[in-house]
Every structure is written in C-alpha cells, then in structure tokens.
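Trainee: Sequence:
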Amino acid sequence: MRQFARTASLTGYAELCRSLGLDPAQLMASVGLDVADLDVPDRWVPAGPMARLLELSARKSGCDDFALRLSERRGLGSLGPLSVVLREEPDLRGVLDLLSRYAHAYTGVLHLRVTEEDRWATVDIRLEFGEAVPTRQVQDLVIGNLVGIIRILIRPTWVPTTAHFAHEAPAQPGTFRRLLGANVHFGAEFTGFILDSVDLDALVVTADASVRPYTRQLLLSLVLPPEQATQSAGASRVVELLLPLGRCSLEEVARHLGMRPRMLQQQLAAEGQNFSSVVHGTRGRLAEHYLSIDRFSLTEISLLLGFAAPSAFSRWFRQQFDLSPTAWRDATRSSPRADVAVGPIRIPQARRSSGGGIPSRRGSAAADD
Numbered sequence: 001m002r003q004f005a006r007t008a009s010l011t012g013y014a015e016l017c018r019s020l021g022l023d024p025a026q027l028m029a030s031v032g033l034d035v036a037d038l039d040v041p042d043r044w045v046p047a048g049p050m051a052r053l054l055e056l057s058a059r060k061s062g063c064d065d066f067a068l069r070l071s072e073r074r075g076l077g078s079l080g081p082l083s084v085v086l087r088e089e090p091d092l093r094g095v096l097d098l099l100s101r102y103a104h105a106y107t108g109v110l111h112l113r114v115t116e117e118d119r120w121a122t123v124d125i126r127l128e129f130g131e132a133v134p135t136r137q138v139q140d141l142v143i144g145n146l147v148g149i150i151r152i153l154i155r156p157t158w159v160p161t162t163a164h165f166a167h168e169a170p171a172q173p174g175t176f177r178r179l180l181g182a183n184v185h186f187g188a189e190f191t192g193f194i195l196d197s198v199d200l201d202a203l204v205v206t207a208d209a210s211v212r213p214y215t216r217q218l219l220l221s222l223v224l225p226p227e228q229a230t231q232s233a234g235a236s237r238v239v240e241l242l243l244p245l246g247r248c249s250l251e252e253v254a255r256h257l258g259m260r261p262r263m264l265q266q267q268l269a270a271e272g273q274n275f276s277s278v279v280h281g282t283r284g285r286l287a288e289h290y291l292s293i294d295r296f297s298l299t300e301i302s303l304l305l306g307f308a309a310p311s312a313f314s315r316w317f318r319q320q321f322d323l324s325p326t327a328w329r330d331a332t333r334s335s336p337r338a339d340v341a342v343g344p345i346r347i348p349q350a351r352r353s354s355g356g357g358i359p360s361r362r363g364s365a366a367a368d369d
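Residue numbers (our numbering): 1 to 369.
Among the clues, some could well be false.
As the list claims (entries may be wrong) - Beta-carbon label-pair distances, calculated as ranges:
1) Q266 <-> R59: 45 to 53 Å
2) L76 <-> Q266: 41 to 49 Å
3) D201 <-> G77: 33 to 41 Å
Derived by calculation from the structure, the hints in this document are not laboratory data.
Just so it is clear, CB atoms sit at the ideal spot from N, CA and C, and this is done for glycine as well.
Kindly produce the complete structure, drawing on both the sequences and the hints.
Mentor: Below you can see the structure in the form of structure tokens.
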C-alpha cells in the first residue's frame, strides 16, 4: 500500500537547497512534488517521491550527508501538536514511548521500536514505503531528527552510545561524527542507535507537571489517534517471531495467543482479515526491511521469512510486488552495485550483551575523512 508523509518532513529543505546552489522548485517538480506544499506543513504527500527527492538532492549537490544536514534545520515544531506533548513528558523514556506510538501521525513509513536489555536500550528504525524506493537519505534524516529532538529535550550535547546505519559508509563521514558521536557504524544489521538505559530516566528540561493533564487532552485530539490493539496486529507480532523457526501455522499462532484456531479465525474475520492475509502482510513488511540491509543474502532472508528455499521466496516476492527481490534491492539503492558477500549472518534473536558491554551489531565504523 502506498504510504504518505506530511510535508513537515521537509522543513528547511528549500533553504538548504539554495545554500548549496540548487533550485528546490525544479528538483521537487522532477519527482512530482510541488514546492508550494512546503508552505503547508500538515499536507499529506506521497512518501516515495519524498525519498527520491532526498536522494536526487544529495546526488545533485554532491553531499552524501544532505539529509543529515537537513535534520539540523528542524526543530520540535516540525512535529506539529505532538511537539507540545513531548515537551511536557517527564523523561526521555516517555518521549520515546510517545514517538514510537504516534510517529505515524506525521509519516506513514516510520516505525520505531524501543527495547531494553541489561544496561542498554536500542531504538530500532524501520521504514516501510510499500514500493521500491532508495532509503539511504531517509535513514539519515530520521536518525538526525531523533537525536536532535533528544538534544532539545534533555541536553544539547547528548549523543547515542553507538549509531547504526544499514547503508554503506559515506565518502565524508565528518557530519555523522559531529552529530552522532565517534561510534557510528555502517553496513549494520539495523538502522537506529543504542543508548545507556540510564539516559531513559533523564529529565525533560521543559517539562511542567501542572501542564501535563492538558497536553494529554491535546494528544487525544491529534488527527490520527494511536493504533488500536487489534487481533491482527497481535497475530502479526507472533507471526514475525515464528517465521524464522518454520513453525508459523494457524494452530501455533493461536496457541501463542492463548486461544483456539477457530476463535482466532473469527476474530481476524471481524477485522476483515484472515490468517493468510496476516502472514502475507507480515512477510511483505519484513521482506522490505531485510532487503534494505545488504548484509542479508537472499538465502538468509528466505529463512527469516519461513521459506524452504530462496526460489520459493523469489516466486512469492514476485507475485506480491511484481519485481524480483534482486530488482527491488537494486531499485532501493542510491547507487546500484553488485552484491558483495560479507560472511555469514546470524538469524536475529533477542539482542543480547555479554559482561555489560554494548550489544554487538555488526557493521563497519566510520573511517577518517
């Protein structure tokens, strides 16, 4: 399904283009967008063209850190009414919780997941466009935006313990190190960042407890309410866990949800779904995510999605997306290149750390300029 995002995602775009000698109106028109939309930050536009716009702008400017530079020009105001609520959260934990639940109110492609294990917290970013688009610049923009928000709310010098990008390293990583700290890793197994769990309890400097009841009322009035708990969403989460194990049957999913298969089928039908549609939808979402990470071979992805062989995965993928997995992967790269074998990749399990160290997520560190 085609996704949309608010034009607030491009706050500061025109100014950055002009500072680099680019014509923002011409660039936007070339991907089917109207520069006048930038004056209406709450307007919804197709997200795919926005991603292509950022890639085109990076290429035309010769700045592969274009989107990261753009993130520096954004403040909390680009989040609309949600920014008011974030300012009144008591701590960073509350801020990240709200962002993970309400990010869809400003862009349909962004999904955040925050997990804690031992002394570390991981913010995992997934982008789901529903079409083959390059996502390198969008990855950079999202991480830059999140780090910028945290700096505004808790302290201006904050940086994550480690930052991770699924895409390859930029030619000039200086901006990445300046904004994200020294520990930036590229070609990683996920896009996101890791922080000390202690930071989750950091107080929001703008918070006023007396105002919080009113901001909660504002939260309820947002145009798009938080996602309701549905049986199909719960089933999808279980399917995601069981697919790599090869045990993703109706009976097994129902057992994990604590109900009989017939009851699960009935509840899914009441939501206009069935078990097959949930499995296909979950596989499609995960396939888009895994194909964006070059370190996963097609064989590994087929196993992660519960297929017996890569050929079965390829046939299914072509039926769903009218493209082969390889063609999709090439279309989402900024600069298509041949696949490079990078050693065996483990099937992702729960993120673990040993001896209190930072969880290991493979990827190369930023090289010196």
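Trainee: Does each hint fit the structure? Answer for all of them.
Mentor: Hint-by-hint comparison with the structure:
1. Q266 <-> R59: 45 to 53 Å: Hint holds: Cβ distance 51 Å, inside 45 to 53 Å.
2. L76 <-> Q266: 41 to 49 Å: holds, 44 Å
3. D201 <-> G77: 33 to 41 Å: For G77 against D201, whose Cβ atoms are near 26 Å apart, the range 33 to 41 Å is violated.
The earlier numbered hint that this structure contradicts is number 3, and it is the only one.
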